[in-house]
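Trainee: Now for the letters of each chain:
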Amino acid sequence: MTTEGEADDPMNTKDPPVRNQELRMTQNAFGPRPRREDDAARPSADEEGPRAVIQSKDFSLYYGPKAGVKDITMDIYPESVTAIIGPSGCGKSTFLRSINRMNDLVPNTRAEGTLQVAGVDIYDRRVNLVNLRQQVGMVFQNPNPFPKSIFNNIAYGARLQGIRGSELHGLVEECLRKAALWGEVKDVLKRSALALSGGQQQRLCIARALATTPKVLLMDEPCSALDPVATGRIEDLIDELKTNYTIVIVTHNMQQAARVSDWTAFFCLGELIEYSGTKELFHTPQKKATEDYITGRFG
Amino acid sequence: MNRRRISDKAFTIAAYVVFGLLTLALLLVLGPILVKGASAVLFRGTVEFRELQMDEHERGDAQALAEELEAAEAARAPVFQMIAEFRRGIDIDPLVEQAREANRAYGDLLRDQNVDRDVYRDRRRAARDIRNTLIEAYETDQEAVAHDKLDKVLAHREDSIFRDTPFELIFEMARDYRRIVESVDLDHRDEYGRALDEVLAALRNLLGPLPGEEMPALIMNQYGATRWDRAQVHLENVLWAEKWVPAGPNKPMVKKRVPREEQFAGTSLAPLFPLLEKDLDEMLRPRWTVHWQYFIDDSKASHFFGGVGPEIIGTVLLTILAILFAVPLGVVSAAYMIECGGDNPAILVIRTCINTLAGVPSIVFGLFGLAFFVVFLLPWLGLSEGSSILAGSLTLAVLVLPLVIRASEEAIRAVPHTYKEAALSLGAGQFWAFVTVTLPAALPGILTGIILSMSRAAGETAPILFTAAVALGPIPESIAQPTRALSYGSYDMAVGDRIAAMVPHKQFGMVMTLVVIVLVLNLAAILLRARISRKLRG
Chain A
1 MTTEGEADDP MNTKDPPVRN QELRMTQNAF GPRPRREDDA ARPSADEEGP
51 RAVIQSKDFS LYYGPKAGVK DITMDIYPES VTAIIGPSGC GKSTFLRSIN
101 RMNDLVPNTR AEGTLQVAGV DIYDRRVNLV NLRQQVGMVF QNPNPFPKSI
151 FNNIAYGARL QGIRGSELHG LVEECLRKAA LWGEVKDVLK RSALALSGGQ
201 QQRLCIARAL ATTPKVLLMD EPCSALDPVA TGRIEDLIDE LKTNYTIVIV
251 THNMQQAARV SDWTAFFCLG ELIEYSGTKE LFHTPQKKAT EDYITGRFG
Chain B
300 MNRRRISDKA FTIAAYVVFG LLTLALLLVL GPILVKGASA VLFRGTVEFR
350 ELQMDEHERG DAQALAEELE AAEAARAPVF QMIAEFRRGI DIDPLVEQAR
400 EANRAYGDLL RDQNVDRDVY RDRRRAARDI RNTLIEAYET DQEAVAHDKL
450 DKVLAHREDS IFRDTPFELI FEMARDYRRI VESVDLDHRD EYGRALDEVL
500 AALRNLLGPL PGEEMPALIM NQYGATRWDR AQVHLENVLW AEKWVPAGPN
550 KPMVKKRVPR EEQFAGTSLA PLFPLLEKDL DEMLRPRWTV HWQYFIDDSK
600 ASHFFGGVGP EIIGTVLLTI LAILFAVPLG VVSAAYMIEC GGDNPAILVI
650 RTCINTLAGV PSIVFGLFGL AFFVVFLLPW LGLSEGSSIL AGSLTLAVLV
700 LPLVIRASEE AIRAVPHTYK EAALSLGAGQ FWAFVTVTLP AALPGILTGI
750 ILSMSRAAGE TAPILFTAAV ALGPIPESIA QPTRALSYGS YDMAVGDRIA
800 AMVPHKQFGM VMTLVVIVLV LNLAAILLRA RISRKLRG
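For the protein sequence lines, the chains are A and B, in the order given. With our numbering, the residue at position 82 of the first sequence is 82, and numbering never jumps. Numbering-wise, our numbering comes out as the position in the second sequence, counting from 1, plus 299.
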């Protein structure tokens with residue numbers, strides 16, 4: 001996949017996206033970066049730079065006449081974990097699902113403003129949804145493996161990209177290793193994924209999302225259906241994965257947000273109230289609403 | 300609290316009652332069909348049955364059959380002998396003819412001997428007188444007169460002119476007849492004649508054509524009772540006469556059963572009936588038979604003999620073709636209505652139409668099939684003229700299409716939305732997500748719907764009534780020809796002709812075959828569903 005022509009890929013150029021040409025998002029847009037050990041080199045929250053992978057500018061999404069999220073402006077930085085917290089119905093899932101356009105499944109949705117992933121406005125009409133979703137993987141609230149074998153679950157996305165044979169086997173193993181599931185399932189790859197436990201299923205779903213070799217992983221309350229032990233394993237996994245992937249996680253659990261994330265955004269009533277480094281947000285919240293929420297006085 | 304408990308209990312009881320009633324109804328409906336239908340396959344076959352199988356299909360051991368037939372013949376011989384004896388007493392025409400023949404032979408003899416003309420005339424006159432006296436004896440219905448005449452005849456038996464001539468037969472016949480007159484009541488000779496005819500008719504059903512009779516043209520008359528259970532029925536008809544007797548003044552006549560033995564009491568035929576009852580086993584030699592060929596054989600003489608092979612093939616063909624037409628259409632329609640239709644008002648209209656169609660009586664589909672497929676579409680396309688398997692299966696396809704659509708729709712709708720979401724989030728297109736994830740997950744439900752539709756199609760009569768089915772006829776060579784079918788065959792036998800009453804086991808056998816096919820299909824649906832669900836669940 002990495003051999004795909006770089007010259008004619010609009011993503012690869014420094015020019016603004018070419019609108020009259022089909023926009024395709026490939027690996028190269030998010031090309032693999034060397035692992036960095038020093039977190040100090042990360043940009044700070046108020047430093048807007050080209051290195052933001054996801055850039056949202058005045059982004060609003062409407063379900064019919066009602067706004068799901070309003071005027072969200074935030075940048076999400078690569079190889080970090082960004083947590084979105086907030087009370088129920090505040091639009092955090094809506095925003096998350098906007099990033100790979102899963103909201104398109106809901107009839108009568110309408111987006112305003114811009115939401116860019118790797119510099120491409122993903123709500124542009126010419127964006128190839130298939131490529132977008134392969135670049136921006138998603139893990140859902142409830143583990144939802146396909147009723148297929150473990151192997152076929154992982155291989156599903158890769159097969160869509162035309163990967164076959166031994167390459168596919170290698171990829172499946174690699175993804176299962178990354179998701180810390182290989183040791184548990186390596187002998188039962190032919191078994192139905194539905195026979196796994198809830199925590200295993202969720203790790204399988206993460207492995208499945210990794211198999212399309214995305215750069216961004218969206219996690220929509222990935223642990224809310226799991227017990228504390230399984231939750232702990234998923235959190236460990238998130239911690240490991242952030243060295244290679246940009247992770248956006250929606251969570252109700254503020255301890256979890258504090259534990260796993262580098263950046264935290266607080267949403268309320270469809271608006272972004274506060275967005276800063278996790279430590280900052282939890283220790284010195286700038287807004288009253290944030291403070292009320294994280295101290296449990298509200299929400 | 301208490302009230303809630305009572306209402307809970309009431310619901311439980313009502314549920315159990317309904318469940319019990321349904322089970323009972325099922326047993327009451329299916330039990331007799333299965334038990335009686337099984338007798339088409341498993342029964343006590345007689346030697347007549349084995350002879351039929353040998354003659355028609357060359358099944359069985361010819362050597363053993365010949366021995367068996369011989370033994371049966373031996374057992375039957377006394378019966379036929381008794382009948383011949385009795386017949387002589389009541390049926391005088393052959394006797395009269397025999398007497399005339401004897402007289403003619405005597406005349407021929409005299410001419411051969413070239414006797415003198417006068418002697419010839421005298422002797423012929425004397426012979427003619429004696430013969431006429433014998434015929435008078437035969438023809439009278441008064442015992443005294445008969446004895447008198449017979450004595451007159453026998454007075455001449457020592458006459459030298461008749462010694463060692465064919466005319467001596469006359470005296471022998473007279474002696475025979477004297478013995479018969481002593482046993483037979485001449486007043487009732489006509490009555491006996493009619494009763495004997497009845498006995499013979501029943502006996503033919505039991506033992507086949509009597510010796511000396513011409514072989515009947517219809518195959519159903521060429522053999523006696525092939526089954527022991529039918530033999531019992533025919534035996535009843537031999538042993539018992541039905542008579543209309545007045546119940547009293549100004550009252551309608553009533554039917555009464557009279558034993559034949561009583562009817563023929565005092566005659567030489569009376570011992571026939573106990574003999575038949577005692578030795579029928581020997582005459583028919585019943586043996587338990589598994590006639591599995593019932594399911595492959597063609598029928599003979601409108602199902603009097605033979606099996607339901609062509610009917611099974613026809614039903615299977617019609618059903619499979621109907622499903623082949625209906626399933627792709629149905630699944631695609633269901634998929635479209637769910638995946639692409641959304642809240643489109645057109646979809647609502649279509650769905651209402653489909654639900655309405657599911658409730659339309661099947662005869663309406665049959666008439667539609669006749670008007671559209673048989674009369675218009677297929678001849679127009681040049682595919683077939685008149686009713687054909689193709690037209691019938693298309694009609695059945697239209698009939699089951701709403702069922703397939705509804706079952707598929709339910710099954711697809713029941714697939715968790717998260718599967719599709721996951722597939723889309725991995726980069727699959729809508730169509731690909733449906734084909735690779737939603738459809739396989741919905742497969743158990745769709746398959747169940749398909750198999751239930753198959754059993755519906757297999758059992759329907761009305762849609763094929765005008766479009767595909769014939770009661771009898773050649774086995775079709777292509778799908779452009781009409782076929783026999785189990786459902787239509789059952790209907791036809793039930794309303795058709797007198798034969799069904801004579802072979803109830805064939806009728807039940809056909810219905811049983813249909814019920815078994817439907818039950819097997821339903822069972823297959825359950826097993827298939829369980830298997831696929833297990834596989835999906837892991």
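These are calculated hints, taken from the structure and not from any lab test. Be careful, since some hints might not be right.
As the list claims (entries may be wrong) - Distance condition first, Cα-Cα at most 20 Å in a straight line; then the derived EDC-like pairs of lysine to aspartate or glutamate:
1. K178(A) with E235(A)
2. K550(B) with E560(B)
3. K70(A) with D121(A)
4. K719(B) with E221(A)
5. K287(A) with E235(A)
6. K719(B) with D187(A)
7. K719(B) with D104(A)
8. K186(A) with E173(A)
9. K834(B) with D292(A)
10. K70(A) with E235(A)
11. K186(A) with E167(A)
12. K70(A) with D58(A)
Source: prediction; values computed, not measured.
Trainee: Does each hint hold? Answer for all of them.
Mentor: Checked hints:
This hinted pair checks out: K178(A) and E235(A) have alpha carbons roughly 13 Å apart, not beyond 20 Å. Distance hint between K550(B) and E560(B) is unfulfilled; the C-alpha atoms sit about 28 Å from each other, more than 20 Å. The straight-line distance between the Cα atoms of K70(A) and D121(A) is roughly 17 Å, inside the 20 Å bound, and the hint therefore holds. In summary, the hint linking K719(B) to E221(A) is supported, as the alpha carbons are separated by about 19 Å, within the 20 Å threshold.
Annotation: proposed proximity of K287(A) to E235(A) is violated, straight-line Cα distance about 28 Å (limit 20 Å). A hinted pair counts as satisfied when its Cα atoms are at most 20 Å apart, and K719(B) with D187(A) does not qualify at roughly 28 Å. Our distance criterion of 20 Å between C-alpha atoms is met by K719(B) and D104(A), whose separation comes to about 13 Å. For the proposed pair K186(A) and E173(A), the alpha carbon gap of about 8 Å is at most 20 Å, so the pair holds.
Under the criterion of a C-alpha separation no larger than 20 Å, the hint pairing K834(B) with D292(A) is inconsistent with the structure, at around 50 Å. The suggested pairing of K70(A) with E235(A) is violated, with an alpha-carbon distance near 30 Å, which exceeds 20 Å. For a cut-off of 20 Å, the pair hint linking K186(A) to E167(A) stands: about 17 Å separates their Cα positions. Of the supplied pair hints, the one linking K70(A) and D58(A) holds, its CA atoms being roughly 7 Å apart against a limit of 20 Å.
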